[in-house]
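Q: Position chain B against the provided structure of chain Y, taking the given hints into account.
Keeping their order, the protein sequence lines are chains Y and B.
Reading the first sequence from the start, the letters are residues 3 to 748 in this note's numbering.
Reading the second sequence from the start, the letters are residues 4 to 188 in this note's numbering.
Take the hints with a grain of salt, since some may be wrong.
Part of the chain B face toward chain Y, derived, beta carbon under 8 Å [unchecked claim]: (1) Thr13; (2) Cys18; (3) Ala20; (4) Ala22; (5) Val23; (6) Lys26; (7) Asp27; (8) Gly47; (9) Phe49; (10) Val54; (11) Lys93; (12) Ile95; (13) Glu143; (14) Ser144.
None of these hints come from the bench; they were simulated from the model.
Predicted model, so just to flag it, every value in this text is computed and none were measured.
Yeah, the Cβ is synthetic: ideal placement off N, Cα and C, and Gly gets one too.
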Amino acid sequence: METQENDTIDDGEKIIRTTTAFDCGGRCPLRVHVKDGKVIRIEGDDFEDKDEQLRACLRCRALRQYIYHPDRLKFPLKRDGPKGSGKYKRISWDEALSEIAAKLKEVKEKYGNSSIFLATGGGYQAALHDGMFAMIRLLTQFGGFSTHFGNISSEGAVYATQTQYTSPFVGHSRTDLKNSKLIIMWGWDPARMISGSDTIYNLIKAKEKGIKIICIDPRYTDSAVVLADQWIPIIPGTDTAMMVAMAYVMIKENLHDQEFLDKYTIGFEKFVDYVMGEEDGIPKTPEWAEQITSVPAEIISNLAREYATTKPAAFMDCQGPARSAVGELYNRCAMTLTAMTGNVGKHGGSAAGGLMGIPYGHMFFASRIPPPYRNPVETGLKSVRGSLDLQLRFQARCHTNKMFDAILKGKGGGYPFDVKFAWFVNNNFLNQLGNTNKAAEALKKLDYMVCAELWLTPTARYADIVLPVTSAAEKNDFTRPWPSGPYFTAMNQAIEPIGECKSDLRIAEELADKLGLEEFVKYPDEKKALRFLIKLREDTRKNIRNINEFREKGIHRIEIEEPYVAFKEQIDDIENKPFKTPSGKIEIFSQRIADLNDPENPPIPKYMERWEGRYDPLSEKYPLQLLSPHPKNRVHSELYLVEWLREVDPHVAWINPVDAESRGIRDGDEILVYNDRGKLTIKAWLTERIIPGAISIFEGAWYDPDENGIDRGGCVNTLTKDAYSPGGASALKSCLVEIKKYNRGA
Amino acid sequence: MQVGFYFDQTRCIGCSACAVACKDWHDIPAGPEKWMKVLYNEEGKFPHIFVSYRINPCFHCIDPVCIPVCPVGAIAKREEDGIVTVDSNKCIGNEECDSKCLKACPYDAPQFGTEIGAKMRKCNYCLDRHLEGKLPTCIESCRTRALDAGSIEELKQKYGSIKETNNFIYSERTKPSVVFKPKEK
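The following block holds chain Y by itself, in its conformation from the complex (with noise of 0.2 Å):
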């Protein structure tokens, strides 16, 4: 075993620098106690100034009950009852990918590479071990896969980011904050979702200098406990209608920045006239708005006023309220409204669009031992770039959220392929795609499926095959956060890997012996493998200069001389820097949109009502609107099954007294949630927190169906819809429901 000792401390307990590689954006350092070749405790950073330690929060707290849980698979399994039942024996490595080898010979013979369907997510985000890398790389050089496009957090966002800016680095340095003289936070919940591990402290620490905090959300967050100086409820799904409310106010009371929008933007005119009536005969007072959102018209007029005469202010949209059929006009509202405050570019300020990157350490410049051509089923095809036509991408592709529809319906449902095997890899998309019954009814249906993971998962219960994967600490790797840093961590091995479990990347390689893939490059030697990996990429090669110290260390901080701030550069000197726009600014009106004559998509950003929302008829049927937040006690569905983690946070539904009353439901009562796509049953929550006519359910539970098809786990999924909006973010939060109290038996 290969292990960075950095500390022994006596009877040979050691301290193993190392991280996790979770779905999550913090990646803290963690010091991992050892003995006796097991770990005994976990502890956080130890940065010396304690003020800049980036600390660890609850989850990997409990790492040790995930490493050590008895649920973790430990051998490879073979389905031995039917689909979803969870029945497997264990069988060896040997048979289970000879088996595999021989399904994929099959399949590629049968009915060609487009059959095979590569299912990959974020459940593991490091450089060496990645599955979705190893598995892109051994499937290309078989001849090919088909896969799926979207990202299910983000893509909102980022097309959204696309259109007005080109580019996905709209973020400051959290640092930056404390140089805002006004916050405002909309949908945004750092206080659980860790977009940086120390994004929540800064926000302290800049209220603690007096600086005004506004959080607009459905629900009275965690972060709002602690920040909001002022809590504006807004009816979920209709942000953009409260967004062109105050540039309504703005415009009619001349406070917006036109020398700032003559300068960096085209299109604003056309807005305008949106905004003011002039194109469609309503003008979008607060008044209009107040009637959607039930934000009073005074609140919203005060806002806008204060947000345009406040300077420098940060307007943090976030990625939440846009994985919903609104969509990307969330945050193209947001941008536009930065753009006309003039906040883009300066320090304390924001650019908005949600995906508040910066461009050091970014997981968009993922290392990664890349496949030595392209994906041969996705050559020949029309090019993407530059455009925002999302139908380029899906000459060869299915959305994320579509890919359970893809898999049930095929050729015949107008998608580019027939799956007759698929990989399921750093995911539990059963769980976390929209209409969980669905996905498995097209599981059921499925030819072969093989799942590589750490659990049996809802996911996995339906493969034909699992394959045991090695948690973080059983293998050495390093990693980057999601969007944030600046930071590199190191992941030093800590333990041998439990029962026969496998890293992704040793998977393929063995599976690559078995098909005959002699070309297949293997990385058996890790510390060779990681300084390659390194040096590959100028990013982590400009800045770790010395491997050893970086894993010994543990950590490696990027040193930038004042917080980056999005934008700067083009905003500094727009001449010699234009935006990456095809007009060099930012495209308030986008021309690439208008050409796509797309009446769902408009060209400027607007408030459009979109399907189950508050005004849908089908609210009639269906009254309440469902939130899905991310949990504090696990991240997404990884580590649900962690018990010191699920006693901190016991799974409920946020309801408020108003509408549980109503229905006769008390606090600690068992409720079924149902629409036409599913039933679950959870307990209640009546708190004030919730803004009535919404319920909240953290997403991740696990989906666990009764004999009657009811989901006893509380997977919210079994609830929402597999459907997307016009730029492609998964509309998981545009989900009607009804709920009444549960009676067993009855």
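A: Then chain B, alone, in the frame of chain Y:
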């Protein structure tokens, strides 16, 4: 010297990293035995509401009422630092003595596992860490730096002497070793 805690209620997001870190450090299974708890308080009606969290370890009281009620003298207060400790070997278990320590404590600090006749255990201010000159693990796990610990006199000098906060009443009878920055309503 008397050790104690400082809790900045304005910074607590209720995440419970302190509670999980405590369970990991002391190897306590999931279940009712919680040496550190994060308590929740919600007041008011939508949209005018007030929410606060509050930590609940053992406050290592100046006059710990758990000590005199213990029928076997299993609980003691260390002279050198005022940490209230329990000798679980001496404890006769919650069945036999009917959890007298827990009933006496105004803060429910004494804890019991689920087994029949469970012995009392509780927050010991991470005595092992303390003896090595380190802070308790809860303090170092707090992402928002809402917690501090040390000599209560020094904590008072640094943070002030506010003895009460939302969802916490100072017991004159036991004199808990804790100071607060309360969250204003």
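Q: What are the numbers of the hints that this structure violates, sorted from low to high?
A: 11 and 12
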